[in-house]
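Use the sequences and the hints to build the structure in full.
4 protein chains.
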Amino acid sequence: MNTFGRLFRISILGESHGECVGVLVDGCPAGQPLSEKDLLADLGRRKSGRQGTTARMEEDVPLIKGGVFNGKTTGAPVLILFENKDTDPGAYERIKDTPRPSHADFVAFCKYGGYNDYRGGGAFSGRLTAGLVAAGVIAKMLIHPIEIEANLTEVGGSDDIEGAVRSAIENRDTVGGIVECRVKGLPVGLGEPFFDSLESLLSHIVFSVPGIKGIEFGAGFAASKMAGSAYNDIILDIGGATKTNNAGGINGGITNGNELLFRVAVKPASGIQGKQQTVDLKTGKPAELVIGGRHDTCIALRVPVIMEAVAAIVLADLMSIGRMMPAIVR
Amino acid sequence: MNTFGRLFRISILGESHGECVGVLVDGCPAGQPLSEKDLLADLGRRKSGRQGTTARMEEDVPLIKGGVFNGKTTGAPVLILFENKDTDPGAYERIKDTPRPSHADFVAFCKYGGYNDYRGGGAFSGRLTAGLVAAGVIAKMLIHPIEIEANLTEVGGSDDIEGAVRSAIENRDTVGGIVECRVKGLPVGLGEPFFDSLESLLSHIVFSVPGIKGIEFGAGFAASKMAGSAYNDIILDIGGATKTNNAGGINGGITNGNELLFRVAVKPASGIQGKQQTVDLKTGKPAELVIGGRHDTCIALRVPVIMEAVAAIVLADLMSIGRMMPAIVR
Amino acid sequence: MNTFGRLFRISILGESHGECVGVLVDGCPAGQPLSEKDLLADLGRRKSGRQGTTARMEEDVPLIKGGVFNGKTTGAPVLILFENKDTDPGAYERIKDTPRPSHADFVAFCKYGGYNDYRGGGAFSGRLTAGLVAAGVIAKMLIHPIEIEANLTEVGGSDDIEGAVRSAIENRDTVGGIVECRVKGLPVGLGEPFFDSLESLLSHIVFSVPGIKGIEFGAGFAASKMAGSAYNDIILDIGGATKTNNAGGINGGITNGNELLFRVAVKPASGIQGKQQTVDLKTGKPAELVIGGRHDTCIALRVPVIMEAVAAIVLADLMSIGRMMPAIVR
Amino acid sequence: MNTFGRLFRISILGESHGECVGVLVDGCPAGQPLSEKDLLADLGRRKSGRQGTTARMEEDVPLIKGGVFNGKTTGAPVLILFENKDTDPGAYERIKDTPRPSHADFVAFCKYGGYNDYRGGGAFSGRLTAGLVAAGVIAKMLIHPIEIEANLTEVGGSDDIEGAVRSAIENRDTVGGIVECRVKGLPVGLGEPFFDSLESLLSHIVFSVPGIKGIEFGAGFAASKMAGSAYNDIILDIGGATKTNNAGGINGGITNGNELLFRVAVKPASGIQGKQQTVDLKTGKPAELVIGGRHDTCIALRVPVIMEAVAAIVLADLMSIGRMMPAIVR
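Residue numbers (the numbering used here), protein chains in the order written: chain A, 42 to 371; chain B, 42 to 371; chain C, 42 to 371; chain D, 42 to 371.
In case anyone wonders, no lab produced these hints; they're calculated from the structure. Some clues are possibly wrong.
If several chains are the same, the list does not tell them apart, and a pair holds so long as it fits within one copy or across any two.
With a Cα cut of at most 20 angstroms, we get these calculated PhoX-like pairs of lysine-lysine [said to hold, decoys possible]:
no.	residue 1	residue 2
1	323	126
2	316	326
3	137	113
4	316	284
5	326	284
6	316	113
7	316	137
8	225	137
Small disclaimer: the values here were computed from a predicted structure and weren't measured.
In structure tokens, the structure reads:
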């Protein structure tokens with residue numbers, strides 16, 4: 042379903058080239074100052090227009106349609122919509138019957154019996170992350186003063202990120218990247234053993250973002266190569282500070298008071314130039330496809346603000362649970 | 042909470058050195074032949090006793106306490122318990138006040154105000170995965186003839202797995218590893234866009250297993266270094282078969298008919314020999330700890346059957362939803 | 042939270058005198074023909090304008106903002122909004138500090154710390170049932186050919202319904218009523234023992250409708266006065282037909298193949314004329330209140346179509362679960 | 042499913058004549074003193090053995106199997122089992138093919154394809170309410186000092202309750218009743234508008250109890266006959282105290298600080314003596330049935346403690362949500 046969270050709960054909606062995309066945020070406490078203006082900075086970080094992102098220029102003007110009164114949240118659900126303006130549906134008619142490789146076109150056609158809105162990926166589009174980012178802004182307000190910061194640390198395996206993007210553009214190709222997210226100021230005790238471990242909740246929402254192929258916490262995949270004597274995080278003091286942070290700030294699914302650290306792998310954008318082999322959904326026969334539309338070279342460029350948003354959403358949900366707060370913080 | 046799943050729903054329970062551990066399986070359709078014997082093969086694969094696993098020898102005899110009548114499931118919840126027999130609680134008294142590095146001891150103490158059952162990790166113990174494995178056996182029956190197979194492919198960075206474990210034992214150290222899981226025979230269409238993407242659901246339950254630090258699907262982290270022209274999975278036929286499988290069998294969060302493939306990173310067991318620095322929870326001062334008890338050298342050895350179980354649990358849940366089955370399969 | 046349902050899931054939103062009210066419908070299968078026109082008949086039955094309902098004339102024009110493409114549902118969430126046009130916020134300024142008796146004003150003020158949108162009841166308003174009715178139309182389509190019919194059977198204790206309403210208007214008072222809902226054509230097997238009993242699910246959503254004070258199934262409260270020999274529903278045939286229907290079509294929480302029958306008690310509209318005693322939220326002292334605005338004499342007049350909607354919503358959710366369908370129907 | 046609650050979450054399990062019945066209680070905060078002894082008083086109130094209840098004598102000895110350590114809850118799920126001892130399965134062989142009127146036998150057979158445990162109603166049995174009562178004891182502890190008291194106020198339409206039961210026994214018949222539940226000391230603000238209204242949550246769990254046919258809050262069905270001028274609860278002071286309590290302590294789905302009051306209708310026990318007409322599930326032809334086994338004359342006798350339990354469970358869940366607590370109470 043299109044809903045995430047228990048107490049701070051978001052539902053996303055809309056299609057890339059339909060009337061709008063948006064988000065419904067439920068469980069937001071009353072009295073939080075909130076205006077459309079507050080959403081613009083993070084939405085700007087997600088937007089296209091920079092080198093390496095699509096030429097589709099959506100203004101991404103958020104419209105708050107409910108849940109705010111006299112400039113403050115009311116306790117009722119907050120609905121935020123973004124009207125789609127710079128749509129070019131004609132460009133997508135050709136993909137109706139020839140699904141784009143590594144996009145969701147084929148599975149959407151099968152799952153929804155051909156009734157899916159195929160234009161620009163429809164409900165599968167990365168454009169729906171605008172709603173995630175808007176909800177993330179609210180979540181960040183709620184968990185203040187906890188600080189979340191995500192950065193793009195690698196593109197195409199290189200830390201010369203601009204160079205790697207430029208080179209992909211020159212090759213008329215696309216390229217993947219790594220985004221790292223760090224959260225400071227967390228109390229000890231968020232998350233639960235087993236099914237609501239913080240890693241479980243974070244990875245759940247992280248993998249809802251299109252294009253993510255992997256996630257790791259702390260030492261992550263490198264931990265698989267380590268000896269326990271090198272991996273173990275020595276405990277330094279009664280606040281739980283550790284000498285190293287191979288755990289990424291989480292033990293037993295629960296924050297341990299150190300920095301939360303995770304890294305995600307973003308695949309190269311699928312909308313490459315040139316001919317690609319695919320299948321014709323009408324005839325069932327092999328077909329060739331040249332993708333039109335306007336596409337990103339490196340979707341990883343837009344991912345940092347999205348990672349901040351989803352981390353904030355998980356934390357806002359966990360911190361809504363009074364009883365569950367860690368005993369030593371109470 | 043200790044519950045996972047919407048229609049096929051499992052709840053785990055118990056503590057490592059309490060009376061029992063177990064699992065409650067709800068949403069199991071009626072009429073499925075099931076006996077305690079059916080559970081033994083997979084439970085045997087999880088058990089200790091092999092080189093590199095703990096000397097604690099639990100028989101892991103499953104007791105079905107409800108939901109089965111005349112050898113078949115009744116539609117009521119299935120309760121499976123494992124009594125704890127080879128407990129050695131005395132060995133854990135020393136950790137009561139000196140939390141073991143990289144275990145959940147410190148966070149459990151904080152979160153539960155010191156009331157947690159600290160013996161052997163209590164409710165955080167890997168012993169609770171016995172319930173996951175038992176539920177996994179039922180799930181595998183329900184999704185038959187879909188085939189799931191997980192294998193340990195690396196230990197300590199090496200594919201000489203036995204050698205790497207032996208070497209860690211010789212060094213009186215512990216070591217991590219990589220487990221790879223493959224699922225064959227999936228229909229197109231399982232999973233949903235965004236929050237119930239198959240990656241979201243799988244990673245959610247995977248990270249509930251103690252000791253997992255990362256997960257990747259298909260090309261995974263390597264995708265971040267690739268160009269789109271190399272990454273894209275060319276579609277070969279109307280069944281959705283692709284030439285490569287960099288997507289790991291999932292597009293847009295939904296199975297695409299190819300093999301599902303994911304890999305997880307398992308950290309080295311935390312229960313290393315020798316002195317470790319920690320803190321005394323009573324005095325608040327630095328302390329030294331030598332862990333007693335009996336511990337694994339390489340918990341990754343036990344992880345393959347657990348990964349099969351959790352994958353089967355997610356798939357059984359998704360396949361319980363009749364309406365959601367892919368249109369072309371109906 | 043403002044969400045109901047597991048697989049067919051609705052979220053309501055908006056405020057009575059804010060920008061809009063609406064509903065987000067998730068889990069609607071793809072391919073269902075749906076247009077705004079389809080919603081008008083049931084919305085018309087809910088509307089005001091008749092004798093005994095408020096003079097506020099909202100057009101209740103539904104706007105489908107997502108989830109429909111080329112006249113059919115896409116499988117993505119369906120967003121339906123109703124813009125508020127005939128608002129008269131000034132009329133509500135006086136209730137800001139003097140909560141209306143038997144309305145939600147006082148609890149809303151307390152729960153949301155005074156930040157609630159108090160105009161016309163805000164998010165507590167009966168106006169939000171427009172979204173329920175719209176979602177109900179979709180649900181009715183999905184459960185076709187099951188037939189749901191609800192009727193107002195009593196007003197003010199009398200079956201001369203028009204007379205009772207007229208009399209209340211003459212007295213410048215308001216009046217309650219009874220609505221009876223019957224569902225024909227249900228298969229055996231919907232609902233589950235204990236927590237997801239059909240009575241549990243129906244009563245859950247029925248009591249979300251403002252103004253409902255009681256619900257009974259089949260013989261209902263009269264059953265408490267009966268002997269078992271008179272109450273028991275003799276089983277007539279292998280289809281489960283019973284001679285009487287004291288159970289109201291449900292045994293053990295599950296449909297038994299007979300007509301589903303429930304009755305709800307609707308309180309008199311709270312917005313009575315004349316002075317009422319209340320408290321001043323600013324001074325904490327007793328105050329007098331004369332309610333302005335435009336109000337219903339008998340909200341029960343609008344309840345039948347709402348009861349049909351909520352019954353359809355519950356049934357659409359239950360019938361989405363393929364595996365759970367009764368064995369003999371499969 | 043067999044689970045109820047969001048943060049304080051219970052799952053019931055077992056069958057009437059299987060190995061055991063029980064309850065799994067998740068979300069119980071750590072540090073609550075709890076022993077099996079604490080459960081006995083309420084379990085005793087539910088038990089049979091009195092005039093009007095079945096001759097089946099189950100000791101109802103609760104066994105706490107997890108979640109408690111050193112006499113206090115640990116924060117892990119609490120499993121409580123009751124072994125079935127005084128079973129008489131032979132007595133139920135005759136109902137295997139001839140479903141008892143007004144029991145769940147017929148629907149269980151259909152829904153579970155004949156694989157249900159039919160002995161004594163299996164998973165549909167009132168015996169599973171032992172688990173509800175045990176969970177209710179824990180919930181009562183958590184919401185202390187809120188006071189819940191339920192009483193049987195009518196049997197067979199009469200307030201001479203003993204007489205009505207005796208008379209039913211003499212007639213070899215069964216009889217229904219009314220149970221009234223009152224809760225004192227609630228803060229303002231529990232519950233939410235629409236789908237998580239307190240009436241929604243309470244009625245949801247109340248109708249999971251076998252034999253309940255109706256529920257009403259405050260004036261309830263009588264409200265449908267009232268004029269608004271008589272119904273409205275005048276507000277007396279800033280604490281929200283009202284002159285009358287026709288609302289039953291709830292406005293807009295939220296506690297208003299007055300006494301919470303609801304009443305439920307309990308049907309006559311279905312296990313009447315003498316021949317009853319039914320159908321033979323094997324031949325599909327009409328059949329006659331004489332019920333054996335040991336049965337209650339008036340199940341309403343056991344319902345008060347169950348109503349207290351379910352009310353406490355709902356309140357414990359709502360009060361686990363720190364953020365959602367009413368602003369004026371914080």
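Between residue 326 and residue 284, at a C-alpha cutoff of 20 angstroms, which is it: within one copy, between copies, both, or neither? Intra 60 angstroms, inter 15 angstroms, cutoff 20 angstroms: inter-copy only.
At 20 angstroms max between alpha carbons, let me know whether residue 137 reaches residue 113 within a copy, between copies, both or neither. between (44 angstroms within a copy, 16 angstroms between copies)
Checking an output row: residue 323 and residue 126, CA cutoff 20 angstroms. Within, between, both or neither? For residue 323 and residue 126, neither the intra-copy (31 angstroms) nor the inter-copy (46 angstroms) Cα distance is at most 20 angstroms.
Using 20 angstroms as the alpha carbon limit, work out where residue 316 and residue 284 are close: within a copy, between copies, both or neither. between (52 angstroms within a copy, 15 angstroms between copies)
Please sort residue 316 with residue 113 into within, between, both or neither, judging by C-alpha distance up to 20 angstroms. Close neither inside one copy (51 angstroms) nor across copies (32 angstroms); limit 20 angstroms.
Up to 20 angstroms CA-CA - residue 137 versus residue 316, copy category: within (16 angstroms within a copy, 64 angstroms between copies)
Using 20 angstroms as the alpha carbon limit, work out where residue 225 and residue 137 are close: within a copy, between copies, both or neither. Classified as neither: same-chain Cα gap 46 angstroms, cross-chain 28 angstroms, threshold 20 angstroms.
Intra- versus inter-copy proximity for residue 326 and residue 316 (alpha-carbon distance at most 20 angstroms): Classified as within; 16 angstroms inside a copy, 66 angstroms across copies.
When each numbered hint is compared with the structure, violations occur for hints 1, 6, 8.
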